Amino acid sequence: MQGAGAILLDAAGAVFSDDIQSRLWAVAAHMKTREGIAETVPGMNNLMIVFDPLLAAPDRVEQVLRDAWESVVPDAVGGRDVDIPVVYGGETGEDLAVLAAHAGLSVEDVVRRHSQAVYSVAAVGAMPGFVYLSGLDPQLAMPRRAVPRMKVEIGSVIIGGAQAGIMPCTAPSGWHIIGRTQVPLFDPLRDPPAACRPGDRIRFRAVEVKS
Amino acid sequence: MIEILSTGAVNSVQDLGRVGHLDAGVGRSGMMDAAALEIANLMIGNEREAAGLEVALFPFRLRFEADTVFAIAGADCPAKIGDRQMPCWWAMNAKAGEVLTLGLPHSGARAVIAFKGGIQVPPVLGSRSTDLKSGFGGLEGRGLNRGDRLPLSQTPARLLKMDGGFGVDPSSLRPPADSDQPIALRVLPSAEFDAFTDEAVSHFLKSDWLVTNDANRMGYRLGGPELSLIRKLELFSHGIMPGTVQVPPNGQPIIQLAEANTCGGYPKIANVIEADLWRLAQAPVGTRLRFAMTDRAAAITALRQERDFMAEVAASASLMRGWM
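Same order as they appear, the protein sequences are chains A and B. 1 is the number of the first residue of the first sequence in this note's numbering; add one for each residue after it. 1 is the number of the first residue of the second sequence in this note's numbering; add one for each residue after it.
Just so you know, these hints were derived from the structure itself, not from any lab. Owing to the predicted nature of the structure, the values given are computational and were not obtained by experimental measurement. Glycine residues also receive a C-beta, built at the ideal position from the N, C-alpha and C atoms. Don't take every hint at face value.
[Said to hold, decoys possible] Restraint-style ranges between C-beta atoms, simulated for each label pair:
1) A:Val207 with B:Arg146: 39 to 47 Å
2) A:Asp59 with B:Asp163: 48 to 56 Å
3) B:Ala314 with A:Val118: 53 to 61 Å
4) A:Ala14 with B:Ala311: 32 to 40 Å
5) A:Arg60 with B:Val19: 15 to 23 Å
If we strip away everything but chain A, and leave its shape as in the complex, we get (with noise of 0.2 Å):
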């Protein structure tokens, strides 16, 4: 529960699964359809269901959200693919090398294998317009920093443990940059505002590697 009006889903084991996202998303679509459900937030195989308690009953959504959960039927995942030109390490990308270091590769196996995944915006959120990515090459996840930076500029591409997103605001964080790319994620005054939505594939473009 999350107060009277808002209830958590989760259904996370101990390594995220593309499946129980895709299920989730399906869940949420029908949830959506339901008198009294505000809106719904999907999360990394967790999902948030607002509503208002005085229209529907926690006991009742939380049962309608039970046998939602055993009986949807995930949609073939329509999202779009979204390409994000890059330029890694330098001065916008401060933390490649010690990422590298991390992950016992060199510079240039990191880039490669970071841009030639293909990625699955798991959710939308934390801030306006951010992605949860899967898909990250194992080999390059790395613990967040135990101190977050207080600034971590726009269009910063970051990897957060087994975690890839894009900062599409300037705020603080505690996931390590590796590069920076120009792709504007988030537009108030545009509908959609935020440029990805879950299911969309991405992959990120090497357009040049800096040292």
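Dock chain B against the given chain A, drawing on the hints supplied.
Using the frame of chain A, we list chain B on its own:
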């Protein structure tokens, strides 16, 4: 139009918040004391979600450029329109050229000002609230500066017949607090409640918690005894709401508020119930808080009481405005 004469940059245009974009990472924003805005709007015959001003830095002064009706609610602060004093939870006429002054609150932290017809900044993603963290909505996505001019409704406001205005008594919903006592907050257990040690749960419910200097519209960091987990937890990022009480590795809780991120990863011990969020909005830095466990039924009853009170305000204010 109104013109801002003195302000701090944390004062901002807010309505009841931005709904429907959590899954794009866009948080609620909106008035920290949302119920106070709703009451002030209903008093002057506005839609309940009309945009007003949240004032958390004082003194605050503005000048009316046209005759209109306004109401103040929330923190109990000394208020003056022209040379007339006015109490809190009060609706008044303002004449063109008159200045409204709000001084440092006697109690509470955030005053709310509602204007007839609402502040007419352009809505962004369905709301006029300022998202200060992300820089959009409200007036140019920022807090107020001296010299800012804010558009009000173009339709000339029908003024109140009573020159002294009228008030509402919120004490059935907000009993006057004893300032020596900590602010009482009702909570429901959150997903990781059982992952905390018995000692941590006991500390959480039996200690006073200090609102530290790290307190803003995103959330409040609290100070008190360290809250420990039975064992370290690594959670995937998941949705969080205003009222969620997270416990980061240092064991000191953070309460998420109006401008909370939509997702987070820290273990959650509890959630402050929706009907008590105004108490946090009105808790200044240095205040002590005390948490008490409640249940879903009580949380819903409290919300229903709030809605019933709103209905009473709407009905009685409509009579007051119509009096000859």
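**OP:** Indicate whether the distance between the beta carbons of valine 207 of chain A and arginine 146 of chain B respects the range 39 to 47 Å.
**Re:** Check passed, 45 Å falls within 39 to 47 Å.
Subject >> aspartate 163 of chain B and aspartate 59 of chain A - C-beta distance against the hinted 48 to 56 Å >> reply: Distance hint for aspartate 59 of chain A, aspartate 163 of chain B holds at roughly 52 Å.
**OP:** Starting from the hint 15 to 23 Å, judge whether the C-beta atoms of arginine 60 of chain A and valine 19 of chain B obey it.
**Re:** For arginine 60 of chain A and valine 19 of chain B the Cβ distance comes to about 21 Å; the hint holds.
Subject >> Pairwise beta carbon distance, alanine 314 of chain B to valine 118 of chain A, judged against the given window 53 to 61 Å >> reply: holds (54 Å)
Original post:
Do the beta carbons of alanine 14 of chain A and alanine 311 of chain B sit within 32 to 40 Å of each other?
Top reply: violated (50 Å)
Checked against the numbered hints above, the structure breaks only hint 4 and satisfies the rest.
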